[in-house]
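Trainee: Below, each chain spelled out in residue letters.
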Amino acid sequence: MSAIPAALATAVALGGAGAAAGLALPYRPRVPVVGVLTAGVGVAGAVAGAAALSGNRWAAVCSGLVPPAGAQVAVDALAGLFMAVAGAVVAAVAVYGIGYAAGRGSGGLGSRTAQAVLPLFALSLVLVPVAASVSTFLLLWEVSALGSLLLVLAEHQQHASVRQAGVWYAVLTHLGLVLLLAGFSLFAARAGGETFTALRAGASGVPAGVRGLVFALLALAFTSKAGAVPLHAWLPRAYPEAPGPVAALMSAAMVNLGIYGLVRTALDLLGGGPAWWWLGLLAVGGASAVYGVLQAAVASDLKRLVAYSSSENMGLVLIGVGACGLFASHGDRPLAALALAAALLHVVNHAAFKALLFCAAGSVQRSTGLRDLDRLGGLRSRLPVTAGCFALAALGAVALPPGNGFVSEWLLLQSLVHGRQVPGVAVAVALPLSVALIALSAGIAAAVFVKALGVGFFARPRDRRAASAREAPPLMLAGMALLAVAIVALAVVPGLLGDGLDRAVGAVGLPGTGAVSGGGARVRLAGISASLSPLWVVAALTAAILPATGLPRLRGRRGRRVNARLWDCGGGAPTPRMTYTATSFAEPLQRVFDDVLAPEQHVDVTPVRESAYLVRRVRFRHRVPDRIEHRLYDPVLRALAGAGQAARGLAGGSVHLYLGYGFAGLVVLLLALAVGW
Amino acid sequence: MTHGLGYVAVAGQVTVVAAGAPLLTGWMRQVRARLEGRAGAGVLQPWRDARKLLRKEPVTPVGTGPAFRAAPALLAATAAVAAALLPLLSTDTPVSGHADLIVVVALISLGTIGLALAGLDSGTAFGGMGASREMTVASLVEPTLLLSVFALSIPAGTTNVPAIVAGAIHQPARLASPAGLLAVAALAVAVLAETGRIPVDNPSTHLELTMIHEAMVLEYAGPDLALVEFGAQMRLTLLLGLLSSLFVPWGIATGPSWTALVVALVLFVVKLTVLGALLAAAEVFWAKIRLFRVPELLAGSFLLALLAVTASYFLNGAP
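Protein chains in written order, with the UniProt record's numbering: chain F, 1 to 677; chain S, 1 to 319.
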């Protein structure tokens, strides 16, 4: 029973020590010491989470900590799941981070600020789910937001583009905070208390309209944190510019907080709601899934591609949460539990493969200085471990067996298939559409990761820096190996999570499903004749591959001739420039989805002066802008800039005018008071 | 379920798909040849080609990596596992509890992805071009496959294929429902695209600008090429077998009985022969469509599948 507070206290102590060490130590011991302490924070968080998942609960009030109300903390299985995921990711990425930051001088991630912030950010990731009152939650939430912002800016001296990404991230994450403040204030005011217990108790007394508004505000803020459209614009900017380990932490642990907040507030505190909430969430999830994966398909920046894949996967999770609420609002609680279990399992799987994807991408960037897939290539022989890790994580991300993403997508699809039991026209329209969107995103995700792996890591290098790349240092490889082991375990024996997943679902008041039954390698759905055994699939594939590789060898009478020339239709020995690039690979898909992606092409033809028919230079530019951003953000930004320009006219420098403003202001205020009272 | 006959059925399915795949291809080429007024090379020609290729020297071109070498085996292995899972001869097999349609679709996609990666791995322009086109088609086919799977699994209440097939045998009316018919049409287009047949891809083309599948495998030679060809033939057999199991399920054994199994085997061969002949005959009259018209065809089949799912929900939704 005392495991949770002990582990949490350890995490806090290690985090504080890490921050102090980051500030105080000189560069050489700083990185390893902070790294080890951060890894300790992760391990302690994972231990606390695992203890909560195994059925322990813990709650406390620390009245001295947050001045007016005191800090309220409570740990149940749902919080435990997110703590365990965050802790495990932090532990593995911290090990990776030591290797990443070491040996690169004290700029970037090795700097004093970044090293001091890193343990605090890691700690906040573990602690956000612990909060049990609005003020505690918002405080920890803001610590994680500010911490990630400072870490995103770590390499601002190396690349100018980091600053712009930082501004976008700062604005959008704080827009989310404003929405959260508004939503929680409204909720707390109507429910008559700011502790989660008070909110839970008072939620039923809140009028339906207010509940809807609270849900809309909170859902917008939380989906923005998860990187779902339309408030996703920070994601493709911040992730690519952040150093590798930071991007891994943000994409694998921080986005989960959005899902946690949504599940905690909407399903637990508000206690569910009418169907329109959930249909809205399904729409956001479906749109994010397809839009994210389409943007990933046309991205040629490796980290941007992986970042947009986060948008896609969080979309899938949101579909699961939305389906859960929809089923619960129709009273089908076992099915709701199944959908939520699928969503939570996908959160776990996504954390594992996305952390590894970003770690591998960070390793590529560190050893080549490149993120552009069009210039990479041939890395499989120069960075064999990194390439292998990327391949393993990509298999998880495309949701095909034997990858780990397959199990959770399978569960999600099962919950939607059986949604036909739920009556209602809205359900009958929404569920097939959700299935279609999941299927479409799964199909395109396959193309996305074939592109990333095939163009970035296979074939031959298209750039000198890619050709001279060297494998990452051992500690980075060790961090990636830890994540790889987690992926394999999740893929082959998802039953390891078994009862913990059921308890997490049970924490929001839904019955457990027993879908991922305890300890076993088999996924079986109670009451539905469907089962899946990932271990069996792996065994069958292995058993089939062995004879397929062996039998042709038996007939072959001569030995293998290696290093024969490539045939290439008689052309022979193609140069690296002739291979397909990421842009050319994605061109057919981009053409298919022309109307959605709206690519921009400019062809500037400069003729020689004497004749318009003789061309001196042709310049071709092609880019695929983020269309939602273009349509939604640009007008707002233009309007703001216009208002700012117009407002400059107000300040003409005349003191008389300023006195006049003051007088007018006073008159308006007095009038308002006179009329208002 | 754990009776010996079940294992015989699974072994029989894999064997009949493996041994029959080249024969089906040979048969389809023969039908095409006859319809075009040629004599044809005979039904056994693909086997003769495979024997010839297997005797040749294995070659590993310079600059290719593990993906290039592993892809042929992966292609054949995924097809073999899928053949073991599907109820081609019997719905009552030891693996029928694992035979989920989503798993089967995913295994088929896994083979496609392996081959596309191999195309990119060779580093040639043709390999990349083939991979790019194949993944474009595959990314649009997979949703159609999954959706038609759903349309079929909704009335059955499960995605388990033997359960769907057994249900269809006992309640033939399910097949004639609007959802079932729409799903057939969608699935048929998806199968044509996934196996690289006309009108999506021309299986016998060697004109570089039009080919999809062939462009990916240009660098293979000898035993590897034999395995790639064999894998592609197995996929064709498998997907046609899936179509026949789902929509003409009669004759598939539902219990442990030798006679039922033999009848199922004979009927399976007959069904595939007829389906193969129909497809070959259709290919004589169709032309391959332009690559950028293919997505229109696939979008059409995707919509059909979506309609099938929606129809299933509305017709079977209210309990």
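Be aware that a few hints might be false.
What the hints assert, rightly or not - Now the in silico label distances, taken between C-beta atoms and shown as ranges:
#1 Gly300(S) <-> Ala489(F): 49 to 55 angstroms
#2 Ser161(F) <-> Leu181(S): 53 to 59 angstroms
#3 Pro94(S) <-> Asn563(F): 43 to 49 angstroms
It is worth saying that the hints were derived from the structure and are not from the lab.
Ideal Cβ positions, reconstructed from N, Cα and C, are used throughout, including at glycine.
Trainee: Against each hint, give a clear statement of whether it holds in the structure.
Mentor: Against the structure, the hints come out as follows:
Checked against the hint of 49 to 55 angstroms, the C-beta distance between glycine 300(S) and alanine 489(F) comes to roughly 42 angstroms, which is inconsistent with it. For serine 161(F) and leucine 181(S), the hinted distance range of 53 to 59 angstroms is satisfied, since their beta carbons lie about 54 angstroms from each other. For the hinted restraint 43 to 49 angstroms between proline 94(S) and asparagine 563(F), the CB-CB distance of approximately 45 angstroms keeps it satisfied.
Hint compliance for this structure: hint 1 alone is broken.
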